[in-house]
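With the sequences and hints as input, model every part of the structure.
Just remember that this note's numbering sits 23 ahead of the position in the sequence shown, which is counted from 1.
These are computed hints drawn from the structure, not numbers from a lab. One should not assume that every hint holds.
[To be verified] Pair by pair, the computed Cβ-Cβ distance ranges are:
1) Val157 <-> Glu102: 17 to 27 Å
2) Gly41 <-> Thr151: 43 to 53 Å
3) Trp63 <-> Met175: 20 to 30 Å
4) Glu102 <-> Gln38: 32 to 42 Å
5) Met169 <-> Arg43: 48 to 58 Å
6) Lys106 <-> Ser25: 24 to 34 Å
7) Gln66 <-> Thr152: 41 to 51 Å
8) Gly67 <-> Ala149: 49 to 59 Å
[Stated by the list, open to error] Simulated pairs of lysine to aspartate or glutamate, EDC-like, Cα-Cα distance not exceeding 20 Å:
9) Lys34 <-> Glu58
10) Lys160 <-> Asp109
11) Lys160 <-> Asp130
12) Lys164 <-> Asp116
Ideal placement from N, C-alpha and C gives every residue a C-beta, glycine not left out.
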Amino acid sequence: MSLWKHKATGKWCVQHKGRRFYLHEDKAIAEAMYEAGRRWYEQGVKPPENQLLHRGQATVRDILNAFVRHQQARLEAGEIAHKTRDGATRTCDLIARYLNRERRVMDLGPVDFTAFREQLGKDYSATTTANELVRIKGVFKWAWQMELIPAMPNMGPAWK
Numbered sequence: 024m025s026l027w028k029h030k031a032t033g034k035w036c037v038q039h040k041g042r043r044f045y046l047h048e049d050k051a052i053a054e055a056m057y058e059a060g061r062r063w064y065e066q067g068v069k070p071p072e073n074q075l076l077h078r079g080q081a082t083v084r085d086i087l088n089a090f091v092r093h094q095q096a097r098l099e100a101g102e103i104a105h106k107t108r109d110g111a112t113r114t115c116d117l118i119a120r121y122l123n124r125e126r127r128v129m130d131l132g133p134v135d136f137t138a139f140r141e142q143l144g145k146d147y148s149a150t151t152t153a154n155e156l157v158r159i160k161g162v163f164k165w166a167w168q169m170e171l172i173p174a175m176p177n178m179g180p181a182w183k
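In structure tokens form, the structure reads like this:
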């Protein structure tokens, strides 16, 4: 394996069968991603998303992007309404605003989620806060069910 850093994007890359694969800005994470998807990369094919992320390397950005793509696919298939997709996108925007997008999901803990909940309570009414908490937990539960993360993050007692 020979990873190299792409100057324009700052991501670590690997090339197989004439195709470049851009992995991650952090070399350790890029190496883990390469190892997780080695058999696909060696065939010149991008690995399935959950194959790269299930080892606990998924960042907040990774799961939010995957969730929004999933909701968009459901919208296009006629399974959900525009309003539902828009609500999911707003919830993902909230998560991205309050939590560090580049942070690994499995590194998040009760302290992070408690601060997040307190900030939601300051910015929104009690009803809106309660509704958003349910939606936020739903995003993380979906990521766990899709095996993008190995377990639900510990959100602490404030999220019960």
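**Study point:** In rising order, the numbers of the hints this structure does not comply with
**Key:** 5 and 6
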